[in-house]
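Dock chain one against chain two, each of which comes alone in its own frame, and use the hints as you go.
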Amino acid sequence: MIFRRSPLTSVGAAIVGLVVLAAMAAPLLGTTDPIEQDLSAALKPPFWLADGSIAHPLGTDHLGRDVYSRLVYGARISLTISVLAALLGAAVGVAAGLAAGYLGGRVDMVIMRIVDLNLAFPLILLALAVVALLGANLRNLVIVMTITTWMIYARVVRGMSLTLREQEFIQAVCALGARDSRIIVRHILPNVAAPILVIWTLEVARVILMESALSFLGLGVPPPTPTWGRMLAEGRDYLTVAGWISIFPGIAIMVTVLGINFLGDGLRDLLDPRLRQQT
Amino acid sequence: MRAYVATRLAAAVFVVVGVSLVSFLLTFLSGDPAEIMLPPGATAEQIARFRAEWGFDDPLPVQYWRFLRRAVHGDFGVSLRHGQPSLPLIAARLPATFQLTVTAMVLAIVVAVPLGVLAATHRGGPIDLAAMGVALLGQSVPNFWLAIMMILVFAVSWRILPTSGRGGPLHVVMPALAIAINLMALLTRLVRSTMIEVLAEDYVRTGRAKGLREVMVTARHALPNALIPLVTVIGLQFGFILGGAVVIETIFTWPGVGLFTIQAILNRDYPVVQAAVFILATGVVIINLIVDLLYVWLDPRIRVR
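Line by line, the protein sequences give chains R and B.
Each residue of the first sequence is one higher than the last, beginning at 0 in numbering that gives the first Met the number 0.
Each residue of the second sequence is one higher than the last, beginning at 0 in numbering that gives the first Met the number 0.
Just chain B, with the same shape it has in the complex (with noise of 0.2 Å):
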C-alpha cells in the first residue's frame, strides 16, 4: 500500500515537473517570445530592451530554472493586458469555474447513474434503447452549439433563463448542463456496461437465490460495485470537463478562469496564459492522484495486491 501511494506520488510530481516545463516553453514555440508579447509595432531597440529585462538573453536551462524558482513562489510574471501579478487574477477567478465544473459532474452524475443502471436492468428494452440514444446523442453533440440553442430557446424565446453572467443559481443552470452533456452520455454507457457485468457475478446470483427483492439486490449488491469504474473515470475526464469549462465560460460569459484564459490567449498575455495552463494542468493531476488513492480505499483488491 505505502510503496503504491510513494509510486503514484513520485508519478505526479514528475509530471507537475513536465507540466511546468511545457508552460514554459509555450512563449518558445512561435521562436522569439518577445516578438509576440510586445506590439507588432515594436522597434528593434525596444525588442532588446524587452529581452534584456525579462532576461530572454539567457540560456533555456537558466531562463526554466528561473520560471520554476519563481513559480513555486506563486510568481508568474506580471499581466502584460492588466498589469498586474498573473496568479492572483486567476485565483480570483477559480471559484468561478470550480462553482461551474462542480455543478456539470454533479448533475452529469445525478442523470448518467440512474440511466445507466435503468438501461442495464432493462437490457434491449425500451427503456434500454431510450437510455443509449439519449446517451449516444450526448456523446455527439457539440457543446457550444448546444450552448447557443439553449440560450434561443430558454433565454430569448421563453425568457426564463438569464443569457450570460453569472448571479444566481438560474446562471450556472444552461453553462453546467452544456458542460455535462458529454460526460453525462459518457457515464450512462459507462455505468449500464459496468452493472450488466455485476449483474452477472455470482454474489447476485446468490441474494437473488436468498430472495432478496430485485431492487435490493441492484441497490445494495451490484450497484456500490459497479460504481467503482466511475470514480476513475470521472478523474480521467476532470481535464476534459476543465476543457468544456474554457469554451462553455467565453459563450455564456462566465467570468471563470476559461474566460480569462482565452483573452490571455487572444491578447497575446502569456505571462497570464503560462500560469493558467501550469494551475489547471496541476489541477487535474492533483485530482487524479486523489482518484487514485481514492480507488485504493474502494477497492480493497487493490491494497492486498
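If we strip away everything but chain R, and leave its shape as in the complex, we get (with noise of 0.2 Å):
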C-alpha cells in the first residue's frame, strides 16, 4: 500500500534493498578481492573510458585495488556500524525516554539535563576524540555512534509518554492495580514505536555520514578493510588524475542516505496520518 502511494518511497526500499543485498554477497558480487594490491593496474580508470576495463568496472586506485569491489565490501562496515548504532541507541533512548516521560520528576529532570548536555556537544569532534581514545575499531564506533544517537529518540518518547501517561485507558490500566513496569512495556511502549521506527530508519542515515566522516579524516574502522569515507580520503590526492576513486564512494554513501530518507519519510507518512494530510 504505502509503494503504492509514494513512488519515492519504492525508489527508497529498493535502493536500500540492493546495498543490503550488496553487503550481504559481498564475496559473491565483488569481482576482485578488495584490499588485493596491483601496481601494475594502478590508477585504471572506469571501463566507459579510454583505457578502461571490464575487469576493474569503476576503475583502480593508486594501489591497483579495484574500486567497484571496496564498494561493495565497505557497505559491509556502513551498514553494520549504522544500523547496530541506531539499534542500540534506540533501546537506551526509548528507555531513557520511558522512564522520564512516565516516571516524571527528579527522573524525568535527570535525563532531560543529560540529553540536554549530550546535545551540547559537537557530536563529530566528541567522537572523534573518543575514537582517538579508545581506539578505531568496530566495537569502540558503535559504542561512539550509539552516544551521538540517543538522545534524539528519548527526546521523542519522552514528550510522547507524557501525553499517554494522561490518556483514559492508562489511567484505567493503573486504576486496576497494574505494576508501573507493565503499563510501560504492554500499553506505552507499543504506542511510541511506530515514531521509534520512523526515527530509526532516520538515524540510520544520519550514522551512516558520521561514520564516513570519521573515516575520512583517518578514524574509522582501520585498513585494510576498506571503508567508503577512507577511500573518499585517499582519493583525494589523485583528484586531478583519478577523480573516480573519490567520486564512486561519494555517490555510494548519497545514493544510500537518499534512499534510506525516502523510505524514512514514506514510514513517516504512513505512521503519521496528519503529517500525510500535509506533505
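You may find that some hints are simply not true.
What the hints assert, rightly or not - Which stretches of chain R does chain B cover? Using the computed rule of at least three CB atoms under 8 Å from a CB of chain B, they are:
#1 26 to 39
#2 106 to 116
#3 205 to 215
#4 239 to 250
Because the hints were derived from the structure by calculation, they are not lab data.
Since we're looking at a predicted model, the values are computed, not measured.
Beta carbons: idealized from backbone N, C-alpha and C, even for Gly.
So this is what it looks like as C-alpha cells:
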C-alpha cells in the first residue's frame, strides 16, 4: 500500500534493498579481493573511459585495488555500524524516554539534563576525541555512534509518554492495579513504536554520514578494511588524475542515505496520518 | 516569565558543569592520561614524573575540582605541542570559525526560506517537487564529499575559486556552502511544512476574505508565524554546524578551531582538546539559551503560559 501511494518510498526501498544485498553478498558480487594490491594496474579508469577495462568496472585506486569491489565490501562496514548504533541508541533512548516521561519528577529532570548535555557537544568532535582515545575499531565506533544517537529517541519518547500518561486507558489500567513496569511495557511502548521506527530509519542514514566523516578523517575502521569514507579520503590526492577514486564512494554514500531518507519519509507519512495530509 | 528564564538559566549552568566534567574525563577514557600524553617510548620513570607534575596521582574528585577551578580562570593547561597556554591558542582561531559558521547559517537561511515558501505556496506542483528534491539531495549528500567535488570543479577545473586557506571573500564561498548544504535542506523542509500549516489557519483565511493580495497574505501574515519554529531549529542545529565546520575546515585548511582541534586530537595534545571541547560545547549551550529566551520574545503565547 505504502509503495503504491508513494513512488519515492518504493525507490528508497529498492535502493536500501540493493545496498543490503551488496553488503550481504559482497564475496559473490565483488570481482576481486578488495584489499589485493596490483601496482601494475594502478589508477586504471572505469570501463567506459579510454584505457578502462571491464575487469575493473569502476577503475582502480593508486594501489591498483578494484574500486567496485571495495565499494561493495565498504557497504558492510557502513551498514553494520549504522544499523547496530541506531539499534543500541534506540534501546537506550527509548528506555530513558519512557522512564523520563512516565515516571516524571526527578528522574525526568536528570535524564533530560543528560540529554541536553549530550546535545551541547558538537557530536563529531566528541566522537573524534573518544575514538582517538579508545582506538578506532568496529566496537568502539558502534559505542561512539550510539552516544550520538540515543538522545533523539529519548526526547521524542519522553514527549509521547507524557501525553500517553494522561490518557484514560492508561489511567484505567492504573486503577486496575497494574504495576508501572507492566504499564510501560504493555501499554505505552506499543504506542510509541511507530515514531521509533521512523527515527531509527533516519538515524541509520545520519550514522552512515557520520561514520563516513570519521573514516574520512582517518578515525574509522582501520586499514586494510575498505570503508567508503577512507576510499574518499585516499582519492583526494589523485583528484585531477583519477577522480573516480573519490567520486564513486561519495555517490555510494549519497545514494544510500537518500534511499534511507526516502524510506523513512514514506514510513512517517504512512504511520502519521496528520503528516500525510500536510505533505 | 521570570520563572521560565530562571529555569532555563539553571538548566544551562547544570549543562555547562556537565560539559566541564565530560571535557575533564576525556583524558581518562583510555586509562592513564600520562601514557596518552607522553610519546610512546616514554620510560616508567618519565611517566611517574609526569604524573606527579600534572597531579594525576591525586584522587579523581580532587583533579576535577582543580580542573574546574582553573577552567573558570581560563587556564586549561599548556599545549603539549605548542608549549603555550591552550586557551589563547583556541581564542586566536575562534574568529575564523565564527566567520565560517555565520556565513554558512546566513547562506542556509537566505536560500531555505524563499525555497520553502515557494514549495508551500505551490504545493504539489513542479516547483514544490523540485524544491523537495533539492532538499532531499541536500540532506543526503556527505558535506566532505561535496567539498571535494567543489574543489575539483570550481578550483581545479574552472579556476574561479581558491582551493584552500582564509583570505578574501572568495575563500569563504566553498567551505560555507559545504557546511550550509545540510542545514539548508533541513530548513527548506521545515519552512515548507510550517507554511502549509500556517496557510490553513483562520487568520490567513480572514486576510484572503478581506481581499488582500496573496503576496501580502503570505509575506505579512503567514511567513512571520511560520518562521518562529525556525529559530528553535537553528539554535538546535548550531552544534551540528560546528561539527560540520570541524570536518570542512580540515578539507579547506581553514585556520579555525575545528582544524586546530583535529590536529590536536591526532597529535594527542589533550590540554588543547579539553579546552576546545569545553569552549565549543559551552558556546552551543549559550546559543541555545539565547534561542530559548528569544523564542519567548517572539511567541507571546509562551510568556502568557
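For which of the previously enumerated hints does the structure constitute a violation, in increasing order of number? Those not satisfied come down to hint 1.
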